[in-house]
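**Q** Sequence:
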Amino acid sequence: QERQQLRDQETDELNKLRTLQDKRSDLGGSLLERLAGDLDEAERQRGARLDKRDHLLRECRVLEWTLPDTAVAFAERREAARQYLLQEGDRGERLDERRFALKQQREAAMAAFDAARREVAALERQRSNMPARMLALRETLARAVRVPEEKLPFAGELIEVKASEVLWQGAIERVLGGFAQSLLVDEDYYAPVSSYLNSTHLGERLVYHRVAQTPAAVSRGISAGSLIHKLNLATASHSAWLRDELKAHFDYECVDTLAALRKAERAITREGQIRHGRTRHEKNDRFRIDDRSRWVLGFDNAAKLSLYREQAANHAAEIERLRLAIDAAGSEHKAAQARLLACNQLANARWEDIDVAASLARVDALKAQIREEQAAHPDLEKLDYEIARQRRVYELAAELGNERAAAIKLKEHRRTELMRKRDRLIPERLSLALTPTQQSGLDQRFSAAGGELTLDGLDMTTVSVVRALGEETRTVTAQLMSLRATIEKRFGAFVSGWPAEAGGLDATLASAEDFFSKLERLEHDGLPAFEARFLLLLREQSDQNLTRLSTQLDHERKGIRDRMSVVNDSLAVAPFGPGTHLNIETRDRQLDEVVAFKQTLRASLSQSFNDDPELAETRFGVISALVNRFSSQDSEDRRWRALVLDVRQHVEFVARELDADGVEVEVYLSGAGKSGGQRQKLAATCLAAALRYQLGGQDRALPRFSTVFLDEAFDKADAEFTTMAMNIFKTFGFQMIVATPLKSVMTLEPFIGGACFVHIKDRKASYIVPIEFDEASNRLKLAAAPMNSDETAVS
2 QERQQLRDQE
12 TDELNKLRTL
22 QDKRSDLGGS
32 LLERLAGDLD
42 EAERQRGARL
52 DKRDHLLREC
62 RVLEWTLPDT
72 AVAFAERREA
82 ARQYLLQEGD
92 RGERLDERRF
102 ALKQQREAAM
112 AAFDAARREV
122 AALERQRSNM
132 PARMLALRET
142 LARAVRVPEE
152 KLPFAGELIE
162 VKASEVLWQG
172 AIERVLGGFA
182 QSLLVDEDYY
192 APVSSYLNST
202 HLGERLVYHR
212 VAQTPAAVSR
222 GISAGSLIHK
232 LNLATASHSA
242 WLRDELKAHF
252 DYECVDTLAA
262 LRKAERAITR
272 EGQIRHGRTR
282 HEKNDRFRID
292 DRSRWVLGFD
302 NAAKLSLYRE
312 QAANHAAEIE
322 RLRLAIDAAG
332 SEHKAAQARL
342 LACNQLANAR
352 WEDIDVAASL
362 ARVDALKAQI
372 REEQAAHPDL
382 EKLDYEIARQ
392 RRVYELAAEL
402 GNERAAAIKL
412 KEHRRTELMR
422 KRDRLIPERL
432 SLALTPTQQS
442 GLDQRFSAAG
452 GELTLDGLDM
462 TTVSVVRALG
472 EETRTVTAQL
482 MSLRATIEKR
492 FGAFVSGWPA
502 EAGGLDATLA
512 SAEDFFSKLE
522 RLEHDGLPAF
532 EARFLLLLRE
542 QSDQNLTRLS
552 TQLDHERKGI
562 RDRMSVVNDS
572 LAVAPFGPGT
582 HLNIETRDRQ
592 LDEVVAFKQT
602 LRASLSQSFN
612 DDPELAETRF
622 GVISALVNRF
632 SSQDSEDRRW
642 RALVLDVRQH
652 VEFVARELDA
662 DGVEVEVYLS
672 GAGKSGGQRQ
682 KLAATCLAAA
692 LRYQLGGQDR
702 ALPRFSTVFL
712 DEAFDKADAE
722 FTTMAMNIFK
732 TFGFQMIVAT
742 PLKSVMTLEP
752 FIGGACFVHI
762 KDRKASYIVP
772 IEFDEASNRL
782 KLAAAPMNSD
792 ETAVS
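In our numbering, each residue's number is its place in the sequence shown (first place is 1) plus 1.
Mixed in with the good hints there might be a few duds.
Quick list of in silico lysine-lysine cross-link-like pairs, DSSO-like style, CA-CA up to 27 Å [to be verified]:
#, residue 1, residue 2
1, 264, 231
2, 104, 335
3, 422, 410
4, 264, 368
5, 731, 744
6, 53, 163
7, 264, 284
8, 231, 248
9, 744, 762
10, 765, 744
11, 782, 731
12, 152, 264
13, 490, 519
14, 559, 599
15, 782, 762
16, 744, 782
17, 231, 284
18, 412, 422
19, 104, 163
20, 152, 163
21, 248, 284
22, 152, 248
23, 248, 264
24, 53, 248
25, 53, 231
Okay, the calculated beta carbon distance ranges per label pair [stated by the list, open to error]:
#, residue 1, residue 2, range
26, 389, 49, 22 to 30 Å
27, 229, 122, 16 to 24 Å
28, 636, 518, 43 to 51 Å
29, 596, 768, 55 to 63 Å
30, 280, 229, 51 to 59 Å
31, 234, 137, 22 to 30 Å
32, 265, 126, 25 to 33 Å
Since the hints were derived computationally from the structure, they do not count as laboratory data. The C-beta atom is built at its ideal place from N, Cα and C for all residues, glycine as well.
Starting from the given sequences, assemble the full structure and let the hints guide the process.
**A** Following this line, the structure appears as structure tokens:
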């Protein structure tokens, strides 16, 4: 009803307004309205022409021109603008090209400045004259192979031109420039350096020399005018090698004339021409010979640092000059573009668009005509007032109606939303039945949310309660996950520690019932009794076996010493040299693996009477590891087993040569440092004594058959040793069968009762030729016997 009343009131006010407007039309108001419209259009046109004229006036100021006030003068000015466009159209392109060239020059200057700055930084960091890129390369290499940079010097860092020879420095730099930038690598660092360089892409050319500590070569003479005399070498570990290298490869004669250059074998001139030999000459003028920035020799870089600082300052000044030139060119280009744009605007303008005077005349004429019409109809002014007042009344009524309609529509929308929400909640409320616990918990949470529960605040309160429930749910879930992880970790420890008892169970919560069943069985099956039994067996069985093993090893080692005493008894009666005999001493070898094995045995036995279960498990783990290694078939374990159980490898033998008074004459350790004959003498003496021991010791008589076969006998021994060795074997009562080269036959004749030659044909067939023996003279009858280098005498 309220909406309809507002509509009726709005319609009444609108009808009153229309009635007044019709009455005004009858009194001539239509003509005035048309004239008012024409006046508005004329004033709008005047404003547009004023704006256009102001715009063209600004463009003329850019061109430093005046804006004409007549159509003829404006046409002339527009033609001048067109001519300017035709003449200056390509000026912008020329300015662009100039700016581009300046920018390229500035980029080149900035690159040169950056290069100079890098050189300055490198020279300030190190006293070397090497280029920054080579220093950076060495720094990377030294860091990679973990070697101090000073251990990898460049050759040029150890060479300088004498101050008195500075006029020759440019030429000397050209000769030594490549060699000066090569690295010198000691023998100790050669392997890691070569490996790194081989596997790394350097992006740079690098030459390095392997500097070995070799005896100095015989120095050849160099002439007084040699380049080498103009150099100083730094005092360093590489100085000797460097001096030899310079003499070998850079002995160039420094000559003052071309005639001297042509006569010398190898020479240089101050101008940088180099003669490398009889035919090859070189003149490298890619850079000036006096360009000090290219010089790399010297112990100190102060001069080069000053030069690069000066270059950096010059490049910086050039960069600033080019920046100002670019800015000036940019301003000029901007001004030229502004002039071209102004000419374009002026060339496209029309006089009708800026003729403000004509617009002013029309506005004045329309105003005069309106005043005449108003004077002719005096009632129109009062009617216009009533129309304006009625229009305001109508607008207020319409505004009020719109406001009331909007409020009513908002309330209807709110009512619709509430009804829809009610319809949606009714089925949910009817289908969901809360338990008393749920209802109580929700009531408590909604009460704790604070404030009075209203329909408008219900959603916010519900969101708060749901968020709190979510937080509680996440907290409880995290606690459950933590407990689950803890339980499964315990299950996993049981499975890994007792795989046999676990029986293939998965360490997950799903297998909890099976784990608990095993726990219950363990608790009721008398586990403490099994543990006590385990400790008893571990203490008794392991101790007995370990003690037996340790005792057996000690017994075997003692047996070796005991047997060696018998051998020494045999050696005491066998002369080794004039008035001397041998005595063999047994020493323990401190092998790391054997020592570790013995320590393990001692540690296991030392804790045998300790009833601490944790220590017992630790002992069991050590013993189990030993047993597993003893039973392993792995090649490394077999080698270890043979080493720790074979007591023969736990000792070493030292032979001492003693005189009749027991004074030590010589010591033999495995024959090291002795000649071949001495080693054979030592081996033969020890062999004879050992064989005597094997045949029953010193106290027992020799058996009737005690034959010794020697192949390749005495091939490195002299006649004196051969005689002595045979006497040793004879003293011990051995019968000797000896295969020896022909050179030893004469020495062996007093000890043999027969002989034969073994003849080998084409290394495929062997033949034996008996040799007759003269019993009376104890000599072989060799006259009839063949004597050939391919034959061996057997006696």
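**Q** Would you mind marking each hint as holding or not holding in the structure?
**A** Verification of the hints:
| no. | hint | result |
| --- | --- | --- |
| 1 | 264 with 231 | holds (21 Å) |
| 2 | 104 with 335 | holds (17 Å) |
| 3 | 422 with 410 | holds (18 Å) |
| 4 | 264 with 368 | violated (115 Å) |
| 5 | 731 with 744 | holds (21 Å) |
| 6 | 53 with 163 | violated (82 Å) |
| 7 | 264 with 284 | holds (17 Å) |
| 8 | 231 with 248 | holds (13 Å) |
| 9 | 744 with 762 | holds (20 Å) |
| 10 | 765 with 744 | holds (24 Å) |
| 11 | 782 with 731 | holds (24 Å) |
| 12 | 152 with 264 | violated (41 Å) |
| 13 | 490 with 519 | holds (17 Å) |
| 14 | 559 with 599 | holds (16 Å) |
| 15 | 782 with 762 | holds (23 Å) |
| 16 | 744 with 782 | holds (15 Å) |
| 17 | 231 with 284 | holds (21 Å) |
| 18 | 412 with 422 | holds (15 Å) |
| 19 | 104 with 163 | violated (44 Å) |
| 20 | 152 with 163 | holds (25 Å) |
| 21 | 248 with 284 | holds (22 Å) |
| 22 | 152 with 248 | holds (23 Å) |
| 23 | 248 with 264 | holds (20 Å) |
| 24 | 53 with 248 | violated (90 Å) |
| 25 | 53 with 231 | violated (85 Å) |
| 26 | 389 with 49: 22 to 30 Å | holds (29 Å) |
| 27 | 229 with 122: 16 to 24 Å | violated (34 Å) |
| 28 | 636 with 518: 43 to 51 Å | holds (45 Å) |
| 29 | 596 with 768: 55 to 63 Å | holds (57 Å) |
| 30 | 280 with 229: 51 to 59 Å | violated (23 Å) |
| 31 | 234 with 137: 22 to 30 Å | holds (26 Å) |
| 32 | 265 with 126: 25 to 33 Å | violated (41 Å) |
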